[in-house]
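Trainee: From first to last, the protein sequence lines stand for chains A and B.
Residue numbers for the first sequence follow our numbering, so the first one is 1 and each next one is one higher.
Residue numbers for the second sequence follow our numbering, so the first one is 267 and each next one is one higher.
Hints were generated in silico from the structure; no laboratory data involved.
Mixed in with the good hints, there may be bad ones.
The following label-pair restraints were derived from C-beta to C-beta distances [stated by the list, open to error]:
| # | chain 1 | residue 1 | chain 2 | residue 2 | range |
| --- | --- | --- | --- | --- | --- |
| 1 | B | E461 | A | Q14 | 33 to 39 angstroms |
| 2 | A | L254 | B | E461 | 35 to 41 angstroms |
| 3 | B | R489 | A | K198 | 44 to 50 angstroms |
| 4 | A | K66 | B | A480 | 28 to 34 angstroms |
| 5 | A | K198 | B | H454 | 44 to 50 angstroms |
| 6 | B | T293 | A | R192 | 57 to 63 angstroms |
| 7 | B | N435 | A | I151 | 46 to 52 angstroms |
Because the structure is a prediction, the values reported are computed rather than measured.
C-beta: ideal position from N, C-alpha, C; glycine also.
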Amino acid sequence: MKIVVFIQQIVSTQVKLQGVDYFDASRVSDDDLVINPTGKNAIEGALKLKDSQGAEVTAVCVRGIKPNKALKEAIAMGCTNAIEIADEAFYTDDPYLLSKIYAKALDKIGDYDLILLGVEEQSSSSYAAPAMLAEMLNIPSVLTAEEMEIIDSGFRIGHVLEGGKKIVEVPQKALVSCSDSQYFIPRYTTMRGILAAKKAVIPVWSAADLGLETSEVNADAASLKQISLTNIVIEKETFLINEGEPEEMVDKLLAKLKEDEIKLGA
Amino acid sequence: MKTLVFIQIRDDKIEENTLGILNKIKTTIKGAEIIGALLGKDLKDEWIQELGLHGVQQVVTVTSPELEVYLSATYTKVMMEIINQVNPRFVVAAGTVYGEDLIPRLAVRSNTSCAQRFVDFMVEGDNIHFHTPVRDDQAMKITQVVGDIAFATSRPGAFFVDENPSGTNPEVTSVSVTFDDADRLVKHIEIKKAERTVNLKDAKVIVAAGRGVAGKENFQIIRELADLLGGQIGATRACTDVHWVEETYEIGQTGQSVSPDLYIAAGISGAPQHMSGVKAKTLIVINTDEGAPIINYADYAIIGDMHTILPILKEKLK
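All chains should be built: construct the whole structure from the sequences, respecting the hints.
Mentor: Next comes the structure, spelled out in structure tokens:
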């Protein structure tokens with residue numbers, strides 16, 4: 001089975017915004033650059049299938065400051081191959097353009113049985129790429145999967161639904177987006193994987209390599225335009241207790257609640 | 267502005283976020299022409315009346331046995347047919363699991379993109395500016411979909427339902443669509459409804475835990491504290507997913523919505539999917555991570571390990 005996993009590299013959301021300098025790449029250390037969390041869930045989904053059925057898992061990263069780092073981690077987790085897709089012209093804040101790049105990458109990769117992606121790219125809160133890509137490829141898809149198993153006709157997948165869970169079946173050659181359910185909790189990298197990652201030479205494909213004109217995928221081509229991005233200043237004041245022994249912390253909390261006349265209990 | 271709203275039905279009723287969007291459109295878009303797309307196997311007259319009451323002027327109905335359950339292929343096909351007939355300027359759905367599945371597909375078929383999970387929008391001339399919180403709600407991004415048609419989904423919980431709607435009966439038209447084998451590649455097997463045996467809606471006190479609880483046995487302290495405070499327990503989907511606690515206690519977008527006087531959140535990071543279901547007067551957070559998004563919502567926060575803090579809190583409250 002050939003599986004392609006699309007991951008994205010984001011600046012960890014643990015790194016807090018500090019005014020407008022946030023997007024200054026020089027302020028971001030390598031440790032802050034992580035695979036989007038649900039992208040990691042998607043890698044886990046692929047590796048579970050690799051473990052049970054045998055599969056060639058190719059990780060592909062388009063978005064990120066240093067995609068190579070994300071892809072090395074993917075290999076260290078157990079992915080077979082990795083491809084970096086990078087071009088200065090790319091504007092990937094528009095999920096439509098991002099999906100277009102994904103689709104072209106798949107054309108170049110050729111054969112595949114399953115495409116996995118994370119439910120969302122957490123840093124821009126963008127969730128639309130999986131559905132858009134499935135639509136562009138015109139292949140069956142299931143979004144926000146929580147568990148999956150192989151059946152004769154393809155895959156049986158349970159996905160998130162308000163008020164429960166929905167079970168569907170899809171044929172092979174499908175696209176699935178993975179949630180952060182227990183089933184997809186990512187594994188750690190292994191020593192063997194880390195060694196493989198060290199040795200791995202990861203090819204870099206440009207827009208031209210994919211047969212894309214830069215004018216098709218640059219900011220001018222975007223149909224989702226960003227007008228502004230501003231920090232959210234939270235006006236809520238939090239009474240924060242972040243030092244002291246546990247017992248002192250609890251005492252401090254209870255004293256403050258009493259002072260504020262907050263009643264504990266129904 | 268001609269606005270097409272994807273109407274979602276859940277538990278035999280019009281889904282709340284959909285009503286919330288209708289309220290938002292009514293109050294934000296002057297002279298909006300609101301058209302509702304209502305798809306299903308059997309459609310009820312009372313839904314159509316309710317849509318009218320909430321400001322929908324025209325309801326386009328599509329009925330078919332194949333529309334009993336949402337499936338991407340059938341619903342996308344029908345919605346495209348409606349879009350082609352109605353020619354709207356703005357197409358919007360509540361960002362539920364189905365809404366988030368549908369809107370990007372419609373956008374692609376219309377050769378454009380979509381705005382996602384907006385918590386507000388404004389009309390600027392002939393354009394709509396969408397406000398979407400990003401990076402765990404650290405920043406607000408304002409976007410615009412360029413072109414003749416704009417697609418978008420709202421963030422669940424973002425808008426209130428009009429409590430005193432006063433619209434009139436809408437015009438009803440219907441569209442018929444036929445399906446073929448290509449629309450049936452994804453096969454619906456079943457919907458496993460979570461059992462909602464405990465109603466958390468009226469609970470005054472809720473002690474809730476997230477993934478940080480790290481095990482079924484650790485829910486004991488959550489229960490003890492809830493009992494002591496005369497409240498209920500609650501959990502994130504991460505906990506119900508692995509059966510650490512019964513699924514009835516799930517709070518959030520895919521679980522129950524709650525509005526207690528006091529919400530104690532232990533080991534919960536505060537993802538929007540959970541927080542959209544929580545409207546508490548007082549929120550106390552216990553979390554090891556000072557950077558967790560939930561701290562932003564907290565009135566009181568202890569940065570510490572819930573497994574240590576909660577037993578002490580329980581003893582002190584006895």
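Trainee: Work down the list of hints and note, for each, if the structure agrees.
Mentor: Here's how the hints hold up against the structure:
1. B:E461 <-> A:Q14: 33 to 39 angstroms: About 36 angstroms separates the Cβ atoms of E461 (chain B) and Q14 (chain A), which means 33 to 39 angstroms holds.
2. A:L254 <-> B:E461: 35 to 41 angstroms: Taking Cβ atoms as reference, L254 (chain A) and E461 (chain B) lie about 36 angstroms apart, which means the hint holds.
3. B:R489 <-> A:K198: 44 to 50 angstroms: Hint holds: Cβ distance 48 angstroms, inside 44 to 50 angstroms.
4. A:K66 <-> B:A480: 28 to 34 angstroms: This hint holds: roughly 32 angstroms between Cβ atoms.
5. A:K198 <-> B:H454: 44 to 50 angstroms: 46 angstroms, holds
6. B:T293 <-> A:R192: 57 to 63 angstroms: Distance hint for T293 (chain B), R192 (chain A) holds at roughly 59 angstroms.
7. B:N435 <-> A:I151: 46 to 52 angstroms: The hinted range 46 to 52 angstroms holds for N435 (chain B) and I151 (chain A), with Cβ atoms some 48 angstroms apart.
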